[in-house]
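2 protein chains.
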Amino acid sequence: MLKLDLSKIAPFVGDDLAAVYEELPRAHDYLINKTGRGNDFLGWVNLPFDYDKEEYARLKAAAARIREDSDVLVVIGIGGSYLGARAAIEYLRSPNYNLIKKDTPEIYFAGNNISGTALRELFGLIEGKRVSVNVISKSGTTTEPAIAFRLFKSYMEERYGKEEAARRIYATTDKARGALKGLADGEGYETFVIPDDVGGRYSVLTPVGLLPIAVAGIDTDRLLAGAAAAAEEYQKPGLDNTAWQYAAARNALYRKGYTTEILASYEPAFRFVSEWWKQLYGESEGKENKGIFPASVDLTADLHSMGQYIQQGLRNLMETVVNFEKTREDMIVGTDAANADGLNFLAGKTLSEINLAAIRGTALAHVDGGVPNLRIDLSDMEEEDFGRLIYFFEFACGLSGYLLEVNPFDQPGVEAYKKNMFALLGKPGYEKETEEIKKRL
Amino acid sequence: MLKLDLSKIAPFVGDDLAAVYEELPRAHDYLINKTGRGNDFLGWVNLPFDYDKEEYARLKAAAARIREDSDVLVVIGIGGSYLGARAAIEYLRSPNYNLIKKDTPEIYFAGNNISGTALRELFGLIEGKRVSVNVISKSGTTTEPAIAFRLFKSYMEERYGKEEAARRIYATTDKARGALKGLADGEGYETFVIPDDVGGRYSVLTPVGLLPIAVAGIDTDRLLAGAAAAAEEYQKPGLDNTAWQYAAARNALYRKGYTTEILASYEPAFRFVSEWWKQLYGESEGKENKGIFPASVDLTADLHSMGQYIQQGLRNLMETVVNFEKTREDMIVGTDAANADGLNFLAGKTLSEINLAAIRGTALAHVDGGVPNLRIDLSDMEEEDFGRLIYFFEFACGLSGYLLEVNPFDQPGVEAYKKNMFALLGKPGYEKETEEIKKRL
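Chains as they are written, first to last, in this note's numbering: chain A, 1 to 441; chain B, 1 to 441.
Check the hints yourself; a few may be wrong.
Treat identical chains as interchangeable: a pair holds within one or across any two.
[Unchecked claim] Using 27 Å as the maximum straight-line C-alpha spacing, the simulated DSS-like pairs for lysine-lysine come out as follows:
#1 K8 <-> K236
#2 K439 <-> K349
#3 K418 <-> K290
#4 K349 <-> K432
#5 K419 <-> K326
#6 K349 <-> K418
#7 K439 <-> K419
#8 K102 <-> K129
#9 K349 <-> K162
#10 K290 <-> K326
#11 K290 <-> K256
#12 K101 <-> K129
#13 K8 <-> K419
#14 K175 <-> K256
#15 K8 <-> K418
#16 K8 <-> K290
#17 K290 <-> K129
#18 K439 <-> K8
#19 K60 <-> K162
#20 K427 <-> K349
#21 K175 <-> K162
#22 K60 <-> K418
Rather than coming from a laboratory, the hints here were simulated on the basis of the structure.
Whenever a hint applies, use it, and build me the whole structure from the sequences.
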């Protein structure tokens, strides 16, 4: 179950919300009937029903094999090729997944930076352990994962020999074209497909996300079932559509000058869900010199760091809080005879009860301080509701982009740094750019 | 060595920079001669020289004892009582500190949230290991750490007996007053002092930060020496003062409408330094409905998530990049005969060289996209320069707050959520607030 509470934005949006609602049928139609900008990338809309069942069975078998024959899975990917899986694993298992006792492999994410310090450390962490690698790249030439994979490929071949290394490397890539697909076919890696019509930030429910998620021992059937239930719900147009309500609320607030949205949760496990959400919304909306800036906080920790700013800083902030009616675990505050800390008034209360008081008290405080507060409630921290949340955010994001009148499915700005970087590195074919950029430095 | 490159803000600030420089002598005087608002909290200014040497020797002895008799140190604190230590440990040792091979104890941070899931997991993680606890709280009654400490105190006493538990609990707190000081004296905990004139977000170089940092095997002498060198440098007024330059640049940009500052680094180990920085700046400046909103990104990872927004979104962003001339470790890209990934043009290059091309290429791309870019260069990722960076950010933050005409050393907004939370929880003394808040829900 996913509920949205908009009662704490009323004083901030006024009549603008009604105006936005009038634009929603068109945005909805763009997504359902593929009639808007970026309509080549709408494969995610029906993905929870409409996926390759044979491949999915093969993926689950591969995950079972990795759990059986490996102590470590190294996942090589950047952006949408790692954020979804990492979010799911931290959220559904633990932010300390690699530290906790478990009967599933450790999972490390590589190829999402160019740090020699980080990469060398990773090679130290996997020493002596049985390793499998999942390399995730549509093209196989994105610099960060390509560098990491080049190093891991030679590590695996040196350690296991070419044949066994090939058996331990899994490539998630284009179905037919590209450097990684060619290499995988040549070397005999098992491959999984990144569909042509699903962009990176929408790919968590494709093999991109599902293979590492399954290796972590998470029930992907339940995840997909939750997403499917959400798809059924949010594909129905109407004012009671929760995805409509979220898209409308944030867009109306944006028009009123609330140009930064802070996603907040009171569970540390949620942190990488926020990172995934930041890519989803930031990359979908941040173009043509507009868009809501996505930020995130971990509460209550950050009430003691960003809390001051949120309460009394520049008033261009809105806040969306994700709350859970039932958390995974709980503890009870005990009684202390001396009561030196003055906490006996909490004795017998669960941390969840206290946390809920913090959530409700903070929402009121922030609204009083001039920050519109949206609240999303999930039933629990399990697979179905997480699948539901993913699809909810995806669908609302598509709507939001169209309300903003941008193409929610491209990312033209991501090329700019790559072009300069290639020019500086003297990549063949960039001779003219190399000459030009050298003049600027 | 710490250098600041402002060459990429010139097109954005125009004459405003000169105007801000005229205001800096007064702001500087406020800090040095304690003549401005919040002047009760300027103990950090001379802290790198002016600290209790006897206590510092005792602190190092305690750290050595914890390293000797414990497998785990649990650090209980929130906000400034954990961010500085966590930043230092992740940055100078590793963001995977608890996973890497080492001869120093694991360190876990507790009491910075109200999550039963997180706390129960932590009790699982320390099972069977020898534990010490460092509880950090000026008053001892801040809800989050007080709850965690109540649970850990009874865990320690049950496990070790009262006497041995008391020997394994270290309290960093007020020198004379407060619930924790009273309790510590009563129970016989070794105590360390949070000075009266140093606020939480400025406390990393007091025992608040130094005890956990020393337990992690970091050389605190070198850290303090770097901070002392920085103090000597930045306490001299003048246009060549790098702290002046940073404070002036960001303030001038703020006046031009660049109201969000993104702190960026290309080393994953930097992430919690950014979290520490966000508290420092957000809590110091975010008041009276003004202040720069502090955000952070981990690059190059986030070039594939937030990168699109930074390149082409709403143009209210400035970016400060922290770069290292020498990283801790490095790796070299090898040659591959097939060159399927097209990376042979990088063969023989170090990851540092490639990372530097990303840093320079990205700066140019973002400037072309309308984002002013500031760059801080450190010599390396070691203790001295980290101490230098801490003091640099602290001093520049004090200046920045005065330029903004706020009190950089208070945090009146942090109380708002606490008041509501206590009212909702029925804390004795909050009867009137309880009645009022119930009407609102």
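So, going through the hints one by one against the coordinates:
1. K8 <-> K236: Classified as within: same-chain Cα gap 25 Å, cross-chain 49 Å, threshold 27 Å.
2. K439 <-> K349: between (66 Å within a copy, 22 Å between copies)
3. K418 <-> K290: within (22 Å within a copy, 35 Å between copies)
4. K349 <-> K432: Classified as between; 21 Å across copies, 68 Å inside a copy.
5. K419 <-> K326: between (47 Å within a copy, 25 Å between copies)
6. K349 <-> K418: For K349 and K418, only the inter-copy Cα distance (17 Å) is at most 27 Å; the intra-copy one is 53 Å.
7. K439 <-> K419: within (15 Å within a copy, 58 Å between copies)
8. K102 <-> K129: both (15 Å within a copy, 18 Å between copies)
9. K349 <-> K162: For K349 and K162, only the inter-copy Cα distance (25 Å) is at most 27 Å; the intra-copy one is 58 Å.
10. K290 <-> K326: neither (37 Å within a copy, 37 Å between copies)
11. K290 <-> K256: Answer is both: 14 Å inside a copy and 17 Å across each meet the 27 Å cutoff.
12. K101 <-> K129: both (16 Å within a copy, 14 Å between copies)
13. K8 <-> K419: between (44 Å within a copy, 19 Å between copies)
14. K175 <-> K256: neither (44 Å within a copy, 49 Å between copies)
15. K8 <-> K418: between (42 Å within a copy, 19 Å between copies)
16. K8 <-> K290: both (25 Å within a copy, 22 Å between copies)
17. K290 <-> K129: Intra 47 Å, inter 52 Å, cutoff 27 Å: neither.
18. K439 <-> K8: Cα proximity of K439 and K8: across copies only (15 Å, versus 53 Å in one copy).
19. K60 <-> K162: within (24 Å within a copy, 51 Å between copies)
20. K427 <-> K349: between (62 Å within a copy, 12 Å between copies)
21. K175 <-> K162: Classified as within; 23 Å inside a copy, 64 Å across copies.
22. K60 <-> K418: neither (35 Å within a copy, 47 Å between copies)
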